[in-house]
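Trainee: What follows is the residue order along each chain.
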Amino acid sequence: MIWVGAWLPGTATALTPSNDEDVEKATVRVFVRIASVKSNSLVVIDRGASDGVQRSDVVTFYPRDGREYRGTVIQVNDRNATIELLDDAVRPSPGTRGDFIVRASRLLELKRAAGEIAPARPTSEDDTAERNDAKDDAETGTGTDSNATTEASDDAPRGESATSDAIADSSRWTRRDDWKPGMPLLAQVEPVHPRDRSRRLTGRAWIAADANRQGGRGSDALLRTGTDLDYDNPFGLGGRVRFDGEMNYRSIDDPDDGDESDGDFRIDRFSYAFGGTRYASTRIEVGRFLHYGVPEFGILDGIEWGQRRDNGDRFGASIGLLPELDYDLSGSSDLSLAAYYYWVSDTREQLLFGGAYQKTWHDGDADRDLFLAKVRYLPIDGWRAQGTLWIDYYDSSDDAKDATFELTQAYVTVNRTWRDEGIDFTYRRIKFPELLRDEFRPVLAVDLDRNRYDRLAANGWRWLTKNRRLHGQVGIWNDEDDTGGDAELGLDIQDLFVDGGRGDVTAFGTRGQFERAIGARVSYGRYGDGGSWNVLYEIVDHRLDGFSSDRDDLIQHRVRGTLDFYMSAAWTLSLYGEGGFWDDDSSIAGGVYVQTNF
Amino acid sequence: MRLSFDTGSIVRGIAAASMFVFVVLVVWACVSPDPGAAMRHRWWSRLGPVLPHDSFPANCDLCHEGDRWDVLVDDFRFDHEAETGVPLAGAHEHAQCIRCHNDRGPVEVFQSQGCIGCHEDVHFGELGPDCTECHDQRSWRPSDPLARHYHTRFPLTGAHAAVACFRCHPGAEVGKFLPTDTECVTCHRDDLARTTNHIGLGWVDRCDRCHIPTRWQQAEVR
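Going line by line, the protein sequences match chains B and G. Counting along the first sequence from 1, when you hit position 366 you're at 366 in my numbering, and nothing is skipped either side. Counting along the second sequence from 1, when you hit position 192 you're at 790 in my numbering, and nothing is skipped either side.
FYI, nobody ran anything at the bench for these hints, they're computed from the structure. You may find that some hints are simply not true.
[Stated by the list, open to error] Looking from chain B toward chain G, a few residues come up when the C-beta cut is under 8 Å (computed):
| no. | residue |
| --- | --- |
| 1 | R217 |
| 2 | D326 |
| 3 | W383 |
| 4 | A385 |
| 5 | R450 |
| 6 | G475 |
| 7 | H557 |
[Said to hold, decoys possible] According to the in silico footprint, chain G covers these stretches of chain B (three or more CB under 8 Å from chain G):
| no. | region |
| --- | --- |
| 8 | 34 to 48 |
| 9 | 275 to 287 |
| 10 | 315 to 322 |
| 11 | 346 to 358 |
| 12 | 399 to 407 |
| 13 | 430 to 438 |
| 14 | 484 to 493 |
[Stated by the list, open to error] Each computed DMTMM-like pair below joins lysine to aspartate or glutamate, with the alpha-carbon atoms no more than 25 Å apart:
| no. | chain 1 | residue 1 | chain 2 | residue 2 |
| --- | --- | --- | --- | --- |
| 15 | B | K466 | G | D672 |
| 16 | B | K38 | G | D672 |
| 17 | B | K38 | G | E691 |
What you are looking at is a predicted structure, and each value in this text was computed from that prediction instead of being measured. Glycine included, every Cβ here is placed at the ideal spot set by N, Cα and C.
Modelling step: build the complete structure from the supplied sequences, incorporating the hints.
Mentor: Pasting the structure below:
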């Protein structure tokens, strides 16, 4: 085997043998990379006729997950070639390394045709050294450019089109003055360090208005406007200042309670964060922000520190005040102290286990002991799983709960996607934690302990044809009193009637806590680069539990229309309107949303 | 942080101030010193080469102009799905490269995690990792939340389907939807207090025994 690295410009003479018989026996390994993916079975590599690639050559690819797959050259251009993969189940990705083996005589012929016949065979000592250098090249992932000095094509005899200009261009792009064997040929890309980047403001501004009217019995209105701003590198440290805030006005008209209106200025985030990049394994954020390491711990007014280890493990801690998670994020009565650790299998994080703990105090009194367990398994192929468990610990000071650990909340999802179908399984559990903190509407103490909700659901889809997708969902739930479930089956048709048209018809049924419902929904819309529109009609028969008279059936109709305009990349305008009709009653709702990003 | 107002004039002032802030930001966006036409896929040279090139084709002039690394060719286009196998849907199509390909590390690690690999989980992990169950990838506005309710134990019937989300989910505006009690009295406590006889008779729960969910005033005795 001869490493093709020996064919580097300037070293091409290295393997020019004096004995033609040796050449005939010798083979050369040519390194390639996938430059682009045309489809799951067709890829383009960055080597072509000028590199010695010919039709029917077999290329072996070595993806990062350790497997191998092969393909056959079906089309050759001067500097690239198209490969048809033998196994169409693999999912190739650009950048994947590969190689193919050719007779050295083929490459020699190229060299001869290009006028680069090497005059002499090197000593065996030099030969070994150069092979090693070339092998180093290959292992650093740079491959080689044995071809860079030729411009052969399928249409012309090999080598006839080689020009000195091509050689000069190639040298300029692939060689550096201080280049030495073993170094990459492609010029090293040296990203600008975050602290050296120019200061820049990006973000978005938006305004939204939503209103509804429930027949003659009242109405809600909500007007909001806000902005998200990111200011990069404000202090020359590579950090970022972020601000998310909004002003809103709400109005509730209730014939029983009277009118109520309120206005708020709310800051969702105002923080400075730095680090946490490939250059800095330590990350610190200070101000008001959503917990970065463990978002389940909520929004914090304080400081969070995080650290990433070389093997990808991460850990960190935070301290600060927790604003109440309501519409104005007010309150500073809750002190939080939290820590976490994530273990990952490797830096690709295909397998992750995490544990976290949060202790809170409400007005100085010990409040919540929350443990969090996380798992994530994301193989390239196969079943993927993610799950989070919220586990509260209660002691004798907690009146409504037994002094023990309790699974307060869970979200676990497992899914698998194939080429034309996919399925998800999801389990969810919700219970009320016993808190001094004001986090949800007050419930009775007995309900605090007793109420729970568990739901297991399966959601699947399958492409029947290129444009028709069948989708369905089945769920079953159980709470402290009842058991119920739901099912849905629909057909989604794309490019219906016109290009970009999309229709969907879905039938569904639900056994809820207070009723059974069965209905159907049909929608049609058109989606394009400049905007989209969609109309929907839904009819549902609600059968209410416990009513034996003719009032137990409620036929409910709903119509909805949406209209979106995408005015350049920066502007979005969305409108919607909705009407509901049941018995002799009705409701309407509508809204507008305008956003610009910059 | 909260400022509460009761008078109409102050509320109108807030609305006017909001509009003013909005207009200022829009004007700022229009006149901000972005390189505009010099940008390609919202990349410009002052961002630097934001991602490693070691897996790129060897011929640099596929993307770069002449020997200028900092200038992309005029007809530069990058078909993200064809080149990487990852389609960019909705707003992602127009997002800056650096929003995903940045200093945090290899983008494939974050991409494999789904939405939360790049987006903050503003629902505190409670609604799962697949944002597209509720959100459109273009405007990020929730799409048809009423339909989602049929996958819960509490389908929205009658007036319930018409009210704003925050009437039942007090934290909806900051992404907090859970836990929410489905007992009638949790939301209708004021209605219960207004009755003249219910509390005295011990009718403080299971309102559905007598009331239909479409009209509070109508009740039937079973």
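Trainee: With a cut-off of 8 Å between beta carbons, are at least three residues of the region 346 to 358 of chain B near chain G?
Mentor: holds (count 4)
Trainee: For the region 484 to 493 of chain B, do at least 3 residues have a Cβ located nearer than 8 Å to some Cβ of chain G?
Mentor: Answer holds; 3 residues pass the 8 Å Cβ test.
Trainee: Tell me if the interface restraint on B:D326 is satisfied: Cβ within less than 8 Å of some Cβ in chain G.
Mentor: 5 Å, holds
Trainee: Tell me whether the statement that chain G covers the region 34 to 48 of chain B is true, taking a Cβ distance below 8 Å and needing three residues at minimum.
Mentor: Three-residue rule met by the region 34 to 48 of chain B, so holds; n is 5.
Trainee: Are there three or more residues in the region 315 to 322 of chain B whose C-beta lies within less than 8 Å of some C-beta in chain G?
Mentor: violated (count 0)
Trainee: Tell me if the interface restraint on B:G475 is satisfied: Cβ within less than 8 Å of some Cβ in chain G.
Mentor: 6 Å, holds
Trainee: Quick check: do three or more residues in the region 430 to 438 of chain B have a beta carbon closer than 8 Å to a beta carbon of chain G?
Mentor: The restraint on the region 430 to 438 of chain B holds, since 3 of its residues have a Cβ under 8 Å from chain G and three suffice.
Trainee: Within 25 Å, alpha carbon to alpha carbon, are B:K38 and G:E691?
Mentor: 19 Å, holds
Trainee: Quick one, are B:K38 and G:D672 close enough, alpha carbons at most 25 Å?
Mentor: 23 Å, holds
Trainee: Can B:A385 be said to touch chain G, with a Cβ gap under 8 Å?
Mentor: Violated. Min distance 11 Å.
Trainee: Taking 8 Å as the limit, does the beta-carbon of B:H557 come near enough to a beta-carbon in chain G?
Mentor: Violated, because the Cβ-Cβ distance from B:H557 to chain G comes to roughly 11 Å (cut-off 8 Å).
Trainee: Next item in the hint list is B:R450. Is there a CB on chain G closer than 8 Å to its CB?
Mentor: 11 Å, violated
Comparing the model with each numbered hint stated earlier shows that hints 3, 4, 5, 7, 10, 12 and 15 do not hold.
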